[in-house]
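Input sequences plus hints: build the corresponding full structure.
If you count by the numbering used here, then the sequence shown holds residues 657 to 917, one letter each, in order.
Everything labelled a hint here was simulated from the structure, so no lab data went into it.
We treat Cβ as the ideally placed atom computed from N, Cα and C, and that holds for glycine.
You may find that some hints are simply not true.
What the hints assert, rightly or not - Across the chosen pairs, the derived CB separations fall in these ranges: (1) Asp856 with Gln724: 52 to 62 Å; (2) Asp765 with Asn795: 22 to 32 Å; (3) Asn795 with Thr748: 24 to 34 Å; (4) Met769 with Val870: 52 to 62 Å; (5) Asp816 with Asp843: 29 to 39 Å; (6) Ile798 with Asp843: 22 to 32 Å.
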Amino acid sequence: MNAIKFTFVTIIIISIILTGCDGPQGPTGEVGPQGAQGPSDIFITGTIKTATNWNAVGNVFITTSNTQSVPEVSLNGISIPMQLGEIGFLFTHDDFPVTAGDTVQLVVDYIDMNSNPSIAGTEAILPDSFGIALPNPANEVILVVGDSLTINWSPSPGVDTYSLEFMLEYSYLDTLGSQEYFQYGLDTTLIDTVINFTSDILFPDAASIDSVLVSSGHFDVWAVAGPVLEGDESNITGEGEGFFYAWTFGSHLELTVQDPP
657 MNAIKFTFVT IIIISIILTG CDGPQGPTGE VGPQGAQGPS DIFITGTIKT ATNWNAVGNV
717 FITTSNTQSV PEVSLNGISI PMQLGEIGFL FTHDDFPVTA GDTVQLVVDY IDMNSNPSIA
777 GTEAILPDSF GIALPNPANE VILVVGDSLT INWSPSPGVD TYSLEFMLEY SYLDTLGSQE
837 YFQYGLDTTL IDTVINFTSD ILFPDAASID SVLVSSGHFD VWAVAGPVLE GDESNITGEG
897 EGFFYAWTFG SHLELTVQDP P
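If you want it as structure tokens, here you go:
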């Protein structure tokens with residue numbers, strides 16, 4: 657019993673000694689200045705796309721972020737419905753009444769991160785109608801193995817930038833009887849109205865191709881209005897930032913490949 661009491665008293669004494677060993681408290685410095693307030697404006701990205709030769713409708717796709725509530729988004733006074741997005745809010749409209757050359761006015765009403773009612777938006781002009789002039793105005797091109805291909809399109813007034821998508825694929829038997837496959841694709845932005853695909857690009861093994869088994873390909877060109885070049889700044893005005901683009905589809909080419917001569 658005495659041993660138990662002795663142990664208990666020893667623990668209390670050690671605890672008191674350790675508590676008294678705390679060093680002196682250092683001086684308390686002044687509180688630093690308040691850091692800069694985080695961004696409170698909305699961030700908007702979006703596109704409206706229409707076509708030269710299709711019905712007078714366009715597709716709208718707009719995302720927003722950095723708001724306290726769901727924004728109200730409209731184009732030319734027409735409300736754009738909200739969809740559920742993985743990040744921020746997504747607004748889409750698949751049959752918006754618009755055609756090439758039209759002007760659209762984007763308005764976004766929202767509550768910013770500081771609980772203030774705010775408005776942001778922009779005005780964009782859809783590029784005017786244009787189309788492919790060469791190799792011909794038709795929508796099909798037949799390539800013979802070893803050919804090069806130059807595609808030229810008429811300019812869309814007031815627009816310098818074009819978005820291109822090219823794809824060519826084919827299966828063939830080589831001169832040894834083996835079946836081979838080739839595919840080439842290009843998705844790029846161009847400040848020009850012409851592009852050239854050399855024979856070395858389209859048919860890098862032309863000398864070994866005996867016969868073409870199956871082939872397919874396409875070329876699409878869009879005129880794009882908006883900040884697309886490196887260093888271009890936001891084109892959203894008011895209490896917001898971001899990028900909004902207006903696209904007009906020009907032409908579509910179907911591509912096929914024939915046997916070498």
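Consistency of the hints with the structure:
1. Asp856 with Gln724: 52 to 62 Å: Once the Cβ atoms are compared, 56 Å apart, the range 52 to 62 Å for glutamine 724 and aspartate 856 holds.
2. Asp765 with Asn795: 22 to 32 Å: violated (43 Å)
3. Asn795 with Thr748: 24 to 34 Å: holds (28 Å)
4. Met769 with Val870: 52 to 62 Å: holds (56 Å)
5. Asp816 with Asp843: 29 to 39 Å: violated (19 Å)
6. Ile798 with Asp843: 22 to 32 Å: Since isoleucine 798 and aspartate 843 have Cβ atoms about 23 Å apart, the given range 22 to 32 Å holds.
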